[in-house]
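Next come the chains, spelled out residue by residue.
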Amino acid sequence: MGFLPNKVLMSLTNTSKTYTMGEVKVEALKPTSFEIYVGELLVILGPSGSGKSTLLNLIGGIDTPSGGQIRYGNQVLTNGSEKDLTRYRRQEVGFVFQFYNLVADLTAAENVALAAELVSKPLAIDDVLRDVSLLERRDHFPSQLSGGEQQRVAIARAIVKNSRLLLCDEPTGALDYETGKLVLRLLRDIQEKHGSTVIIVTHNTAIADMADRVVRMRSGSVADIFINDNPLPPERIEW
Amino acid sequence: MSILTRKLLRTIQATRGQFLALVVIVTLGVVLYIGMTTSYYNLSRSQHQFYQDYGFADYTFQVVKAPESMVARVEALPGVVKATGRIQKDVPIIKEGNERITGRLTGYPLPMNNEVNRLHLLSGRQLELQNSEKVSVLVDPQYAQANRLTPGQDIELIADGKKVTLAVSGTATSGYAKL
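Note that the protein sequences, when read in sequence, are chains X and D.
Going letter by letter, the first sequence gives residues 1 to 239 in my numbering.
Going letter by letter, the second sequence gives residues 1 to 179 in my numbering.
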């Protein structure tokens, strides 16, 4: 049995983004409307240049749309000030990037603690590190960790804030096949354990097989959205 | 200690040399800046003080001929605190062996008292009203040194076609060198 859409966490209404480069206007995202539900694992799929990272940046409050509206719960993000947007990023969103973006001079535990300092009710650092199976490596610096381990620290850093939304931009992009699958397993576990909404942006079509819902992007617009009736466990997906 | 402070300390430790160089450069920069600024203000203050003490003129006008009453009329203008009139003339000075050079004579109204561009007396006596035949003169210290002039000695010069003898009263300098 697949995912049953229930409560809406976020909704985009005719949201668009246009970048101006000198004289040229690039429409990175054409007017787009869809909902994101509480507790789902959503995969945004598309080739490079399809607008998927633009979409993720808008959802994460890193960027503001040129047109349309983004609503998060009762809050309209597009009406808020820069300060409101910062508060939203700080309290509601955890980010996982393709190249981890860990602070090199801080240990795994300190990297996680740095994010924990941003919110009032973070999870316990050691619990989170245990969740990503890195408790025994808590005092290692990023340079002493493998790519997969670094990405797990990055995930720990994103979830320690106990935020409702976890945004992952190509989280397996820099990892080998096996490690990539471990990271995907971890994301699924977090979604199930904490009930958080996980959004994975990727160009890897295989990852769509584990999603509850898939948003397929093409040339700056949503080509289709479909519910995956039989999401596969991450161990069983192949690419 | 916050995590960011810990990060900062570790970064400093990892780049000790650069950090030290930076500290030295910044310190030198601050020291130089403070030193030069202080000197500038001190010099500027001394200059203003000197100009004030010696009543340095804000404006100087040269006229070919003007009655003495002109000074009072200028002084009466709004905004003018003080005006002093002087007569200036370039004259031949006769030296030993009939050698002639040109000197600049500047007349001062006596008694010398609170006039504009006051003289700073270096040696000898200030000019005074006197009934002597000879007119007293204060000479430039460099001229006095070059010609070994001391107070009490005479200078001979030609003024209006007549030989005139002036008695050296001392040496003096002015903030405004030519007046």
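Treat the hints as calculated values from the structure; they're not laboratory data.
Ideal Cβ positions, reconstructed from N, Cα and C, are used throughout, including at glycine.
Errors might be hidden in some of the hints.
Residues of chain D placed beyond 10 Å of chain X at every Cβ, according to the derived structure [claimed, not checked]: (1) S2; (2) E68; (3) S69.
Derived CB-CB ranges, DEER-like [unchecked claim]: (4) D/A21 to X/G22: 37 to 43 Å; (5) D/F56 to X/G22: 57 to 63 Å; (6) D/L32 to X/K25: 48 to 54 Å; (7) X/G22 to D/H48: 50 to 56 Å; (8) X/L135 to D/T38: 44 to 50 Å; (9) X/L232 to D/T5: 54 to 60 Å; (10) X/V38 to D/G29: 42 to 48 Å; (11) X/E23 to D/I34: 46 to 52 Å; (12) X/D189 to D/G17: 41 to 47 Å; (13) X/V38 to D/A21: 52 to 58 Å; (14) X/G147 to D/Q18: 26 to 32 Å.
Mind checking the hinted window 26 to 32 Å against the Cβ distance between X/G147 and D/Q18? Roughly 29 Å apart at Cβ, these two residues keep to the hinted range, so it holds.
Consistency of beta-carbon spacing, D/H48 to X/G22, with hint 50 to 56 Å: For D/H48 against X/G22, whose Cβ atoms are near 54 Å apart, the range 50 to 56 Å holds.
Given a hint of 48 to 54 Å, does the C-beta separation of D/L32 and X/K25 actually sit inside it? holds (50 Å)
Using the beta carbons of D/A21 and X/G22, state whether their distance is inside 37 to 43 Å or not. holds (40 Å)
Minimum Cβ separation between D/E68 and chain X greater than 10 Å? holds (75 Å)
Cβ-Cβ distance between X/V38 and D/A21: within 52 to 58 Å? holds (54 Å)
Taking the Cβ atom of X/L232 and the Cβ atom of D/T5, is their distance within the range 54 to 60 Å? violated (46 Å)
Consistency of beta-carbon spacing, X/G22 to D/F56, with hint 57 to 63 Å: holds (59 Å)
Mind checking the hinted window 42 to 48 Å against the Cβ distance between X/V38 and D/G29? violated (56 Å)
Over 10 Å to the closest beta carbon of chain X is the bar; see if D/S2 clears it. violated (7 Å)
When you take the CB atoms of X/E23 and D/I34, is the distance between them in 46 to 52 Å? Distance hint for X/E23, D/I34 holds at roughly 50 Å.
Could one say that the CB atoms of X/L135 and D/T38 fall in the range 44 to 50 Å? violated (59 Å)
Checked against the numbered hints above, the structure violates hints 1, 8, 9, 10; every other hint is satisfied.
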